[in-house]
Amino acid sequence: MVLEGMVLTIEVALLSLIIAVILGLVGAMAKLSKSRIARSSANVYTTLIRGIPDLVLMTIIFYGGQIQVNNIGDLLGWDYIDISPFVAGTLTIGFIFGAYMTETFRGGILAVSKGEIEAAHAFGMKRWQVFMRITLPLMVRHSLPGFGNNWMVLAKSTALVSVIGLHDMVYNAGVAAGATRQPFTFYLVVAMLFLVITGFSDFGLRWANRRFSVGVRRA
Amino acid sequence: MDYEVIFSNIPLYFEGLWVTIQLVFLALVLGFVLALPIALLGTSRYPWIRLFPKAYIYFFRGTPLLVQMFMIYHGMGQFELVRESVIWIVFKEAYWCALIAFALNTAGYTAEILRGTIEQTPYGEIEAARACGMSKSTLYRRIILPGTFRRALPAYGNEVIFMLHGSALAGVVTIVDLFGAAKIVNSRHFVPFESFITAGFFYLCLTFMIVSLFKKLEFRWYAHLRPREV
Numbered sequence: 001m002v003l004e005g006m007v008l009t010i011e012v013a014l015l016s017l018i019i020a021v022i023l024g025l026v027g028a029m030a031k032l033s034k035s036r037i038a039r040s041s042a043n044v045y046t047t048l049i050r051g052i053p054d055l056v057l058m059t060i061i062f063y064g065g066q067i068q069v070n071n072i073g074d075l076l077g078w079d080y081i082d083i084s085p086f087v088a089g090t091l092t093i094g095f096i097f098g099a100y101m102t103e104t105f106r107g108g109i110l111a112v113s114k115g116e117i118e119a120a121h122a123f124g125m126k127r128w129q130v131f132m133r134i135t136l137p138l139m140v141r142h143s144l145p146g147f148g149n150n151w152m153v154l155a156k157s158t159a160l161v162s163v164i165g166l167h168d169m170v171y172n173a174g175v176a177a178g179a180t181r182q183p184f185t186f187y188l189v190v191a192m193l194f195l196v197i198t199g200f201s202d203f204g205l206r207w208a209n210r211r212f213s214v215g216v217r218r219a
Numbered sequence: 001m002d003y004e005v006i007f008s009n010i011p012l013y014f015e016g017l018w019v020t021i022q023l024v025f026l027a028l029v030l031g032f033v034l035a036l037p038i039a040l041l042g043t044s045r046y047p048w049i050r051l052f053p054k055a056y057i058y059f060f061r062g063t064p065l066l067v068q069m070f071m072i073y074h075g076m077g078q079f080e081l082v083r084e085s086v087i088w089i090v091f092k093e094a095y096w097c098a099l100i101a102f103a104l105n106t107a108g109y110t111a112e113i114l115r116g117t118i119e120q121t122p123y124g125e126i127e128a129a130r131a132c133g134m135s136k137s138t139l140y141r142r143i144i145l146p147g148t149f150r151r152a153l154p155a156y157g158n159e160v161i162f163m164l165h166g167s168a169l170a171g172v173v174t175i176v177d178l179f180g181a182a183k184i185v186n187s188r189h190f191v192p193f194e195s196f197i198t199a200g201f202f203y204l205c206l207t208f209m210i211v212s213l214f215k216k217l218e219f220r221w222y223a224h225l226r227p228r229e230v
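Note that the protein sequences, when read in sequence, are chains A and B. Going by the numbering used here, the residue at position 90 of the first sequence is 90; the numbering climbs one at a time, nothing skipped. Going by the numbering used here, the residue at position 40 of the second sequence is 40; the numbering climbs one at a time, nothing skipped.
Derived by calculation from the structure, the hints in this document are not laboratory data. Bear in mind the structure is a predicted one, so any value in this text is a computation, not a measurement. Any given hint could turn out to be false.
Unchecked claim - Capping the alpha-carbon separation at 30 Å, the derived lysine-lysine pairs in DSBU-like fashion look like this:
1. 34/A - 114/A
2. 156/A - 215/B
3. 215/B - 34/A
4. 92/B - 216/B
5. 156/A - 54/B
6. 126/A - 34/A
7. 92/B - 156/A
8. 126/A - 114/A
Starting from the given sequences, assemble the full structure and let the hints guide the process.
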């Protein structure tokens, strides 16, 4: 049962990672764009998200979002929309870590040396091509360590979805603990499973780091 | 939006705010006291001594705070030995359980920060201190630790903010901190959006205060790196 929960935990973690990466890319572009509106809205996004605890944000979106969505739905004449804990949990975690990813990616883009971008322009590449061929791959290299940290924190944050009633590892362990009267054992198992997840990710991230740093000279 | 309910419940929020500040402050102090020896052991020359701090840091940084808190709050009652001894007075109370979990957790993160910055001490400083004839304890007290704390300041500021955010979990185990207050207001009046947004606003203010406090500290502690005023 705890293992079933682990599948859900991993699902939530991976789906919210995808959301976070997309939001992070958009946010980083907005922060570096010339438009003042884009810049300041990205700034508001990252400051607000990083200033409020993830648990509080999750309840705001889960309980509050439900009401807001249906208020809007009433105006537009939709039927009652039920936001499931799964959707709320995934969206919230994605939304929160989008802010952290924004900062990581922004740093990564800024670390790309200007000469390489100028060289690409000199070759006659279009702006889009420069981004896809030069900036993006180099940004991945620079932001991979920060990305790895964010992923580890994200994976641990998924434990919070049990608070809004999603049947993840922690929730299932609680149920099992109630039935067997052995809470310590079950929570210890959950802790170990989290260590397994972070251990595997560490392994994968090290591989990716080697892969993306091909050609970097080390002193 | 119904903010009248919030205004009538503002005292409850301030009580919660006080509990949050207490919890975070105590956890940080206890965590720091615990982290220092762990970090010092972590820089030991002998691999078998480094084993304990490594395992401690790995466990507390690798698992969610929520699970750690549940292991203490729900888990300790599993052992008869604990239930029948004097320390059950402590583990019976949600407040102490949460505080212990927070302190142990932040000790793990702080120890890792300190371990890194102790190792960054420039070798010349240690050599110079030895040349002056300082004993090992004087060397640590006068040279290594002050430099370590200074280098650790920015990372520790982040850790303080993470601890503040993590402390919201206390509301999950029946403690009336800021988040717990929001939960009570919500369940009494069913105003989920307003009640949690208010708690979020309080946390935001606390975060800004911590950020500006650490900016001030950094300004002071990094005075030697400041560009000279002409």
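Do the hints match the structure? See the list:
{"no.": "1", "hint": "34/A - 114/A", "verdict": "holds (17 Å)"}
{"no.": "2", "hint": "156/A - 215/B", "verdict": "holds (29 Å)"}
{"no.": "3", "hint": "215/B - 34/A", "verdict": "holds (28 Å)"}
{"no.": "4", "hint": "92/B - 216/B", "verdict": "violated (40 Å)"}
{"no.": "5", "hint": "156/A - 54/B", "verdict": "holds (19 Å)"}
{"no.": "6", "hint": "126/A - 34/A", "verdict": "holds (18 Å)"}
{"no.": "7", "hint": "92/B - 156/A", "verdict": "holds (26 Å)"}
{"no.": "8", "hint": "126/A - 114/A", "verdict": "holds (16 Å)"}
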